[in-house]
Amino acid sequence: MRQRAIAKILDLAVLDERVVFIGSDLGPGVLDGMKKRFPDRFFMEGVSEANIIGMAAGMAMDGYIPYINTIATFLTRRCLDQIVVDLCLENLPVRLIASGGGLVYAPLGPTHIAFDDIGLLRTIPNMTVAAPCDAPEMERLMDCTLDWPGPLYIRVAKGGDPVISDPAVPFALGRAITMREGGPVLIVATGVMTARALAAAERLAARQIECAVLHMHTIKPLDEAAILRHLSAAGLVVTIEEHSAIGGLGSAVADLLVTRVDRPRYLRLALEDRFPTGYGSQDHLLTLAGLDIDSIVRRIAEAAP
Amino acid sequence: MITETVASAPLDSRSRRLRELVIDALEGGKRGHVGSTLSLIEILRVLYDDILKVRPSEPRWPDRDRLILSKGHGCLALYAILAEHGFFPHVELAKQCTPNAMLGGHPERQHIPGIEASTGSLGHGLSIGIGLALAARMQARPSRVFVVMGDGELDEGSVWEAALCAAKHRLGHLTAIVDYNKLQSYGPISEVLNLEPLADKWRSFGFAVSEVDGHDVSALRRVFLGLDYSHPQPKIVICHTVKGRGFDFAEHQAKWHHKAKVESADVALMRAALERW
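Protein sequence lines, in the order shown, are assigned to chains A and B. Those letters in the first sequence? Residues 1 to 305, per our numbering, in order. Those letters in the second sequence? Residues 1001 to 1277, per our numbering, in order.
Bound conformation, chain A alone (with noise of 0.2 Å):
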């Protein structure tokens, strides 16, 4: 996913002079395609986040889209003042591609696991947030990034992950895609937790317990009338997502439904708040925090209505 988002601010540089790179201290080679055609557009600025916000935030003042890419963690946490004053407060159309974002390098240990990264943002006016859901529907989304006025964090998932989303649906940011008609549950999943909604849906057909999965690859702005239209039929809403049950997309959703009369039960399917520990892979930590396939199933099943 990360490669086919780096590979696509090429062709968006081929197609728009407003376009620059900027990475921070990135693997040899990235994006060497853009340095060699390009090179007055491709910027390697090393360990500085802090100023390499604030950088682009000085371009896209005076006329250029910046795509700014580095690890998840250090694209929030460590420049978030920048990301407030410099990008939001100024509504400007930077993007921030954010590698390894949820719990995708695990075995690195918590200063490199983004369970924080959409609540951190979220907060933020003008902010936009996405996570899409696999490979494909990480080209469509860069797509969209030229014309969109503001800034924008998309948060990058492992890689090889399985595609399941549809070239034939059309993509639009704020836009959620249902992935599935469902009955009394209604799951809203977000990155790559999509697929597991949708294998978990899948299974819990088989025990005559119909979900239907809502894949909200745009955390922000929230797509409520997507949800809302849902909403009639739903007894349960689930949300899934591979970040802390603080601020994420459990918090957009709950705030949603908080302020309906007709509220359904709501069942909150995230990482629990505290440090991850244990190594391991992405996998390995998803199934400690009860979010492998197996673990949704049964806490759906024993959820719904």
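No lab work stands behind these hints, which were simulated from the structure alone. Errors might be hidden in some of the hints.
Here are the simulated DSS-like cross-link-like pairs (lysine-lysine), alpha carbons at most 25 Å apart as the crow flies [what the hints assert, rightly or not]:
1) Lys1255(B) - Lys1030(B)
2) Lys1168(B) - Lys36(A)
3) Lys1168(B) - Lys35(A)
4) Lys220(A) - Lys8(A)
Please arrange chain B on chain A, whose structure you already have, making use of the hints.
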């Protein structure tokens, strides 16, 4: 080279006029950063009167020079000189910080003609200035970029990230300026977090360093007119200044860094100080 605070140059009628405008703003808003504004006035005055190519009637003219006040808390000095140049009416000054005012306690780009970046959180301006300077280069515009920082601001690590970056990109049309008044909010820079040897630090980061009495209008003019903006080395002008300059009771006084409540007695004191010139 100037190594001690000199800043003894006498202040002329224009400097006095700008301070009167600052008093108007303090009186109207009943608050503001006093000391940190007064050390800045001659620096900004010389830049806007003699150096910057800007068009007040067309604040976003693409070929303009850019000035970022990275020490946003000194904004009353910037507001005063921008009003003098006609970026907005003088009447806005006395409304600063009041409900629905154009001018706030820190400058905001979205609302104020002539403001190039919203500042107030320290350590942001030089990086934004780098982005503006790179954009000017990519677009082959003649724009130069000036970034005014406070001395306390140099505590921020992001300033030094930016310093490395500016030298790497050979941004000769980028000039950093330090309002070196030797006092930060809590007390003397030398005690809170010493910056010396400051000129050597910037030199080692690849900057061409100038030092000047930051209240000497002729000297400031000479320095800024003398810089070779086509030479690829980024510049820094370390301006030795006096916090509170012009209000004798506030000079060198950390307690006048910021006044959250400006009483009418304070205003009388300030006006009387100007009368003594």
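Verification of the supplied hints:
1. Lys1255(B) - Lys1030(B): Holds, at about 16 Å.
2. Lys1168(B) - Lys36(A): At roughly 19 Å apart (the allowed maximum being 25 Å), Lys36(A) and Lys1168(B) satisfy the hint.
3. Lys1168(B) - Lys35(A): Given pair Lys1168(B), Lys35(A) holds - Cα atoms ~17 Å apart, limit 25 Å.
4. Lys220(A) - Lys8(A): holds (23 Å)
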